[in-house]
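4 protein chains.
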Amino acid sequence: MKAGIVEYRVPYADTDQMGFVYYGNYLTYFERSRNELMRTWGFTYKELEAMGVGMPVIEANVKYHAPAKYDDLLTIRGVLTELHGVRAKVSCTVMRGDVLIAEGWTMHVFIDLATGRPVRIPQKILDTFQASPEG
Amino acid sequence: MKAGIVEYRVPYADTDQMGFVYYGNYLTYFERSRNELMRTWGFTYKELEAMGVGMPVIEANVKYHAPAKYDDLLTIRGVLTELHGVRAKVSCTVMRGDVLIAEGWTMHVFIDLATGRPVRIPQKILDTFQASPEG
Amino acid sequence: MKAGIVEYRVPYADTDQMGFVYYGNYLTYFERSRNELMRTWGFTYKELEAMGVGMPVIEANVKYHAPAKYDDLLTIRGVLTELHGVRAKVSCTVMRGDVLIAEGWTMHVFIDLATGRPVRIPQKILDTFQASPEG
Amino acid sequence: MKAGIVEYRVPYADTDQMGFVYYGNYLTYFERSRNELMRTWGFTYKELEAMGVGMPVIEANVKYHAPAKYDDLLTIRGVLTELHGVRAKVSCTVMRGDVLIAEGWTMHVFIDLATGRPVRIPQKILDTFQASPEG
Chain A
2 MKAGIVEYRV
12 PYADTDQMGF
22 VYYGNYLTYF
32 ERSRNELMRT
42 WGFTYKELEA
52 MGVGMPVIEA
62 NVKYHAPAKY
72 DDLLTIRGVL
82 TELHGVRAKV
92 SCTVMRGDVL
102 IAEGWTMHVF
112 IDLATGRPVR
122 IPQKILDTFQ
132 ASPEG
Chain B
2 MKAGIVEYRV
12 PYADTDQMGF
22 VYYGNYLTYF
32 ERSRNELMRT
42 WGFTYKELEA
52 MGVGMPVIEA
62 NVKYHAPAKY
72 DDLLTIRGVL
82 TELHGVRAKV
92 SCTVMRGDVL
102 IAEGWTMHVF
112 IDLATGRPVR
122 IPQKILDTFQ
132 ASPEG
Chain C
2 MKAGIVEYRV
12 PYADTDQMGF
22 VYYGNYLTYF
32 ERSRNELMRT
42 WGFTYKELEA
52 MGVGMPVIEA
62 NVKYHAPAKY
72 DDLLTIRGVL
82 TELHGVRAKV
92 SCTVMRGDVL
102 IAEGWTMHVF
112 IDLATGRPVR
122 IPQKILDTFQ
132 ASPEG
Chain D
2 MKAGIVEYRV
12 PYADTDQMGF
22 VYYGNYLTYF
32 ERSRNELMRT
42 WGFTYKELEA
52 MGVGMPVIEA
62 NVKYHAPAKY
72 DDLLTIRGVL
82 TELHGVRAKV
92 SCTVMRGDVL
102 IAEGWTMHVF
112 IDLATGRPVR
122 IPQKILDTFQ
132 ASPEG
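Protein sequences appear in the order of chains A, B, C and D.
For the first sequence, the working numbering assigns the number 2 to the initial residue and increments by one for each residue that follows.
For the second sequence, the working numbering assigns the number 2 to the initial residue and increments by one for each residue that follows.
For the third sequence, the working numbering assigns the number 2 to the initial residue and increments by one for each residue that follows.
For the fourth sequence, the working numbering assigns the number 2 to the initial residue and increments by one for each residue that follows.
With the rest of the complex left out, here is chain A (with noise of 0.2 Å):
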């Protein structure tokens, strides 16, 4: 199955006083691996608003394994595991090495941007899907 994976290097910016990455910051790091999860599809998010078509979170779910550090680098991985009806689910792992720092998900609905309402999943997306061999 396709795989979104981003390298990424720890700022003093994420960590908080225990010295960890602070707990809200996996939500930005599951959200660049779907970046390049899109990107792998042949086109990106951008790409999906200009065709007025956006696809927000309805529910998120982070397990946290290890702490992560400053100045880590770390592997974001993030897989499309569900596409039924308006919804897609994504499933993110962090990894230091072969450390599983945190793993979890995102529920997503696709909307039209205009109305705010649900739409049927674009087609391009349900071809993408479909072409790979676990979807």
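Since the hints were derived computationally from the structure, they do not count as laboratory data.
Among the hints, a few may not be true.
If chains are identical, the list can't say which one is meant, so a pair holds when it fits in one copy or spans any two.
Claimed, not checked - Derived SDA-like pairs: lysine to any residue, alpha-carbon spacing no greater than 20 Å straight-line:
id: 1; residue 1: K47; residue 2: P68
id: 2; residue 1: K3; residue 2: H85
id: 3; residue 1: K90; residue 2: E104
id: 4; residue 1: K64; residue 2: E104
id: 5; residue 1: K47; residue 2: V11
id: 6; residue 1: K64; residue 2: K90
id: 7; residue 1: K90; residue 2: I122
id: 8; residue 1: K47; residue 2: K70
Since the structure of chain A is provided, determine the placement of chains B, C and D on it from the hints.
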């Protein structure tokens, strides 16, 4: 049951180009209510840390019901909904007037800050929770 | 002179591993006081945008005098210190009680949001400023 | 002169409702280039801290020339432009291709992390700087 309640005015900083509060920021909003929740118990998270105990988040979940926007005045409310063994769960809501914007929870584990290992819940917190009618 | 004043409790999210508020966060603190400053004028930045006018920042400066820490209750204060041509300057201070934590300023240019081009300062803002004894 | 250079893809998280990168985020961008700058010297800020020395920012300045947008691939570049007494200045630029997005600088003071007091610049850093043709 005691609740930690914060009024919060959304700055431009928290919005994204969709015009809504970025989804990761809600985890900071939840934290703001947890800080006030502990204050209602008669001590602060800072004092807990001074006792050598931390409460890192091991899992977080957020459901997004309606978008919050720039300059919205939000009410963030957190309550302790589980406390057993070495764990505590805090459930939070974010409201704009009567509108539910987001809800979710964080699961925490009590740790010894010197060793990083789980520790029993400090008696001070147990007492506070058991004194609560719904605790 | 009218001032925009905000009380702000520092969350864990704003700290870094040195145990202090990360230096970039002060620009968000400044923004919080600017939002309140405009409110003292009888309208909001949101209403300005609805009039088709924006005030993007073209330069920012911060001097860091003393560290702010987790759970500090800060007072952020912003005042309009220049207003001429298409520009406005807002000067801000961040205090913890009597201790000066940081001070700085932002220079803004009034733009037409439709074209992105500089525009004359809306009369509503000029009137507000000129009505001020020190304006 | 040695430069710290980072390629950075703008996430949705960094944008605001005007559709541009929020102005405070540039201070994190600058930090990313400073981290790489130190790495070009053969050590890291983390190692400096392990030596008991910190380099907190005492002043920062940013000039915003053009907006950066979601999914832009930015090049952030930082160089050491002053080093004397207990201070160091790092000047940074943020470019999108040939377009200058923002430029600015941060002034740092070397401190003993144990006492918080200013200390002379570590010889390791002086050597590095003096070895540079423009240093």
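Going down the list of hints, with the structure as the test:
1. Taking identical chains as interchangeable, the C-alpha atoms of K47 and P68 lie at most 20 Å apart only when they sit on different chains, with a minimum of 16 Å there against 32 Å within one chain.
2. In this homomeric assembly, K3 and H85 come within 20 Å of each other (Cα to Cα) only inside a single copy, at 18 Å, whereas the closest approach across copies is 41 Å.
3. Within a single copy, K90 and E104 get their C-alpha atoms as close as 13 Å, and across copies as close as 19 Å, so both meet the 20 Å cut-off.
4. Taking the closest pair of Cα atoms, K64 and E104 come within 20 Å of each other both inside a single copy (5 Å) and across two copies (17 Å).
5. In the homo-oligomer, the alpha carbons of K47 and V11 lie at most 20 Å apart only across protomers (12 Å), although the nearest pairing inside one protomer, at 25 Å, exceeds that limit.
6. With identical chains, the CA atoms of K64 and K90 are at most 20 Å apart both within one copy (16 Å) and between copies (14 Å).
7. For the homomeric pair K90 and I122, the shortest alpha-carbon distance inside one copy (12 Å) is at most 20 Å, but the shortest distance between copies (36 Å) is not.
8. Only between protomers do K47 and K70 lie at most 20 Å apart by alpha-carbon distance; the minimum there is 10 Å, versus 31 Å within a single protomer.
The structure is consistent with each of the numbered hints, conforming to all of them.
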